[in-house]
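Required output: the full structure, derived from the provided sequences and hints.
Letter by letter, the chains look like this.
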Amino acid sequence: MAVMRYREALNQALREEMERDENVFIMGEDIGVFNGAFKVTAGLLDEFGEKRVRDTPISENTIVGMGVGAAMTGLRPIVELMTINFSLLAMDQIINHMATIHYMFGGQVRVPMVVRMPQGAGHQLGPTHSHSFEALFLHVPGILVAVPSTAADAKGLLKSAIRDDNPVVFIEHEYLYGQRGEVPDDDDHTVDFGQAAIRREGDDVTIIGISRQALTAEKAAETLAEEHEIEAEVIDPRTLRPLDLDTILESVRKTNRAVIVEEGWPHGGVGANLAALIQAQAFDYLDAPIGRVTGADLPMPYSRPLEQIAYPHEPQIVEAVIATFRDL
Amino acid sequence: MADVTQEERERAEQRELPDRDAAREWLEAMMLIRRFEERAGEMYAKAKVGGFLHLAIGEEATIVGAVRAMRDEDYLISTYRSHGHALSRGADPNKVMAELFGREDGVSKGRGGSMHMFDLEHRFMGGYGIVGGNLPLAAGMALSSDYRGTEEATLCVFGDGASNQGTFGETLNLAALWDLPVVFMVTNNQFGMGTSLERHSAVTDLHGRGEGFGVPGLRCDGMDVVDTYAVIGEALKQAREDRQPVLVEAITYRFRGHSMADPEEYRSKDQVEEWRKRDPIQAFARKLEEEGILDEGEAEQLDAAVVKTIDEAVTFADKASFPPPESLYDDVYVLGDQVKGWYSVDERSAGVHRGEQERELAEQDRGPQDEYGDAVEQAQREDVGIEKATDEAQADDDDADEASAGDEASGRGRGEDDD
Chain A
1 MAVMRYREAL
11 NQALREEMER
21 DENVFIMGED
31 IGVFNGAFKV
41 TAGLLDEFGE
51 KRVRDTPISE
61 NTIVGMGVGA
71 AMTGLRPIVE
81 LMTINFSLLA
91 MDQIINHMAT
101 IHYMFGGQVR
111 VPMVVRMPQG
121 AGHQLGPTHS
131 HSFEALFLHV
141 PGILVAVPST
151 AADAKGLLKS
161 AIRDDNPVVF
171 IEHEYLYGQR
181 GEVPDDDDHT
191 VDFGQAAIRR
201 EGDDVTIIGI
211 SRQALTAEKA
221 AETLAEEHEI
231 EAEVIDPRTL
241 RPLDLDTILE
251 SVRKTNRAVI
261 VEEGWPHGGV
271 GANLAALIQA
281 QAFDYLDAPI
291 GRVTGADLPM
301 PYSRPLEQIA
311 YPHEPQIVEA
321 VIATFRDL
Chain E
1001 MADVTQEERE
1011 RAEQRELPDR
1021 DAAREWLEAM
1031 MLIRRFEERA
1041 GEMYAKAKVG
1051 GFLHLAIGEE
1061 ATIVGAVRAM
1071 RDEDYLISTY
1081 RSHGHALSRG
1091 ADPNKVMAEL
1101 FGREDGVSKG
1111 RGGSMHMFDL
1121 EHRFMGGYGI
1131 VGGNLPLAAG
1141 MALSSDYRGT
1151 EEATLCVFGD
1161 GASNQGTFGE
1171 TLNLAALWDL
1181 PVVFMVTNNQ
1191 FGMGTSLERH
1201 SAVTDLHGRG
1211 EGFGVPGLRC
1221 DGMDVVDTYA
1231 VIGEALKQAR
1241 EDRQPVLVEA
1251 ITYRFRGHSM
1261 ADPEEYRSKD
1271 QVEEWRKRDP
1281 IQAFARKLEE
1291 EGILDEGEAE
1301 QLDAAVVKTI
1311 DEAVTFADKA
1321 SFPPPESLYD
1331 DVYVLGDQVK
1341 GWYSVDERSA
1351 GVHRGEQERE
1361 LAEQDRGPQD
1371 EYGDAVEQAQ
1381 REDVGIEKAT
1391 DEAQADDDDA
1401 DEASAGDEAS
1411 GRGRGEDDD
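Respectively, the protein sequence lines represent chains A and E.
With the first letter of the first sequence counted as 1, position 17 gets the number 17 in this note's numbering; the numbers rise by one all the way through.
Heads up, this note's numbering is the position in the second sequence plus 1000, with the first residue counted as 1.
Think of the hints as simulated: they come from the structure by calculation, not from any bench.
Each hint should be verified, as a subset may be incorrect.
Calculated lysine to aspartate or glutamate pairs in the EDC-like style (CA-CA distance at most 20 Å, straight line) [unchecked claim]:
hint	chain 1	residue 1	chain 2	residue 2
1	A	51	E	1242
2	A	51	E	1152
3	A	51	E	1151
4	E	1340	A	250
5	E	1340	A	165
6	A	51	E	1179
7	A	51	A	30
8	E	1340	A	229
9	A	219	A	229
10	A	39	A	55
11	E	1340	A	192
Covered stretches of chain A (in silico footprint by chain E; criterion: 3 or more residues with CB under 8 Å from a CB of chain E, positions within the stretch not fixed) [stated by the list, open to error]:
hint	segment
12	187–200
13	220–230
Example chain A residues on the side facing chain E (calculated, C-beta under 10 Å, incomplete) [said to hold, decoys possible]:
hint	residue
14	27
15	62
16	67
17	86
18	89
19	108
20	144
21	268
Keep in mind it's a predicted model, so treat the numbers as computed, not measured.
Positions of the beta carbon are idealized from the N, C-alpha and C atoms, including for glycine.
Okay, structure coming up:
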C-alpha cells in the first residue's frame, strides 16, 4: 500500500492504462501544457506526447462527440471536462449519442469511452460552478456512472472504466482531489463496477453516502456512536449504474432504517431513486420512513456562510439519522 | 434560393463521364433510392412504417455522386434522411426496408427506424436524428483514422439547417486545427424543414462558411451526379493526402415535403415544378443516351430491375418478425463480468428488475409470436386511423390535426425539427 492523494491515484490510473493499451488517449481543455485544471493529468503530455494527450479548444459538446466517433472506430478515448458544470454543454453528445448508439444501432458498434469530470460545492464558486449532477447521469440508460470517494476507488474504478466496453461517466470531486488515502501498489488494482463498499459496519441504521458524502457519512457515524449510542452502517455504492442494490438491501434488512446522503438537489435526486428502490424491495423491513439529506433546493450561493448551509455536513446527517428513531 | 452559377454549370457539363459500367451502376443506384423512397412513402401511408419518414427524392445525385467517390475503407455518416446513404454504401435493401417496418431483421434490429440506419460492414456509420449531432462524430472518426495511421477518410453529410448548429463551427475548427481527413458535405436543399435558406442564414453561400475556421469550401451541382462525384472526389483527395478538411456545398432540392407530415406551405408548386425539370435521374439518363453510353430502352430495363428489388424488399420486410418483447433490453449495455445487469424500474415491469434477467421474465409473459405480430400491426393501423392511399391525404389529415390538437406525440400528425 502507498499513501497518495486522490488526484495522484487518478493520474496513476491514466498513466498505467495508457501504457497498457496504445489505443487509450486523453483529450480535454488544458490537460496538456497546463497539466490539467486540477492537475490530474500532470506530466502525461511529457510522457506520452501530443498524439495521446490532446489539448482541445473550449468546445465541450464537440470534444465528447469526437470521443464517441473515435470510440466507434477502434480507440478508447478519455475525455476530461474541466468540471461537471460544463457537461451541460455536452448533454446532446452524452445522451443522444454516447449513451444511445450501441442500442440505437442494434448492438453493431460499441462506444468504449470515459468522460471524466469533477463536481461539488464548497469553493465559493457560485451558482454555475458548484453543481453535483450524479442524478442527471444516473437518469440515463446506456451509460455507467462512477462516483469514487477514496483514492483507492478513484484509481481502481478509473482503470475498470477505461477497460470497459460501455461508455462511462466518471464523476470525481473537487474537494476529494487533495485527500490522501491508501492505494494498493499492484499495477492491476481494479475495482469492479456494481460493487458497493461497506465503509463501517453497524446494526442500527444504514447510511448511504454518494461521492464525497460517503466520507461525511463516515464522520457522522462516529459521532452517532460516541454521542448517541447509535451504530450506523455506512455504505458507499461507488457506482450508481450499475448499482449494487443487493448490498444496500441486505444492510437495510438488518438495520431496518436508511438515510441517503447526496450533495445534489433533492427533487429527482439519487436519494429519491434509491428510496423508491428500497421501499419496493424492503418495505416490510423498514421501521421508519427513509431519510434523505441533500443539497439545498436552489442555485448555489457564493457567500461562504450561505454556501456552507446549502450542502450537507455532518450535523445534518446526524440529525436525519436521529429522526429515524423518533416515535412515529 | 441558392444555385450554382452559369460558369459552374458549364464546368459540370464538361466533366468526363464515367465508363459504361460505372455509368449504368450510378444510374441504377439513383433509381434504387428513388423507387425505395417512393415505396417507403406508400408503406407509410399504409401504416407499415411508423414515426417520421424523410424522403430524399430529388437528392439522389448528391448521395450517389458522393458515395461513389469514396473508398471502401472510408467512413460515411449521415442524417435522419439516410435511407439512400445506407443503400448506396451497400446496405441490403431488404434490411433497410425491414428497419422501416420495425422488424428484427432491420439494419438496426428495429431499434433505430427511418432516422437511425447503420451498417458497420459497409462503414455506413449511421443516420442521426439530432441536427448537427453527427459532425463531432465524423471528426472523431477522422481522428481515429489518423491516430491509427491509416489512409481512411470520413465523409460527413448534413443539411443546410445543420450549418447553423454550434457543432458546425466547433467541429470545423477542430478538424482544421488537428489536420483531420474529413470532408463536410452540406446538402443544401434550400430549406431547414420549412424555413428557407434566406430566412435561416445571414450568409447563404454555405461553402464559404468554413473559411474562418480554416476549412476551404467547394461547391457542386447536386442535381448532377458527375459533378458531385468530381467535387467530392477532389475534396476527399485533399482530406486524405493533404490532411486538409474541406467543406463541400451540394446545391439540390427535395421534391417531396420535409417529412410525410408536411403540407408544404412554405414554397410554391411552381418552384417545385421548376426544380423537377432538373430531375437528377432523368438528366443523367438523358445525358448517357445522348452520349451513346446507354442504349435506348436500357434505362427502363434498369428501372424495372430496381422496382423488382424493392418489391422483394417490401415482401421481405413484411414477412420479417417484430423484435420479441424479451429483446427489449438487449444492447442497452455491453454485458460482461463487470456489468452483469442494472437495476431498473419501469412501467413495463411491476417491480424492480435487472436488465440481464429481462429476457426470461418477458418470455414467460407473452403469447405465441404470431399473435404478438398481429397485435403490433393492428395497433399501428389504429394509430393512423384508417389506411391512407396517398401521402397527400396524409398531409390533409395533418392539417386537420394541427388545427385541432397539433400534438407532436399524438399518432402521426407530427410537427418536426430542422433541415
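- [ ] Tell me, in ascending order, the numbers of any earlier hints that this structure violates.
- [x] Of the numbered hints given earlier, those the structure breaks are 8, 13, 17 and 21, listed in rising order.
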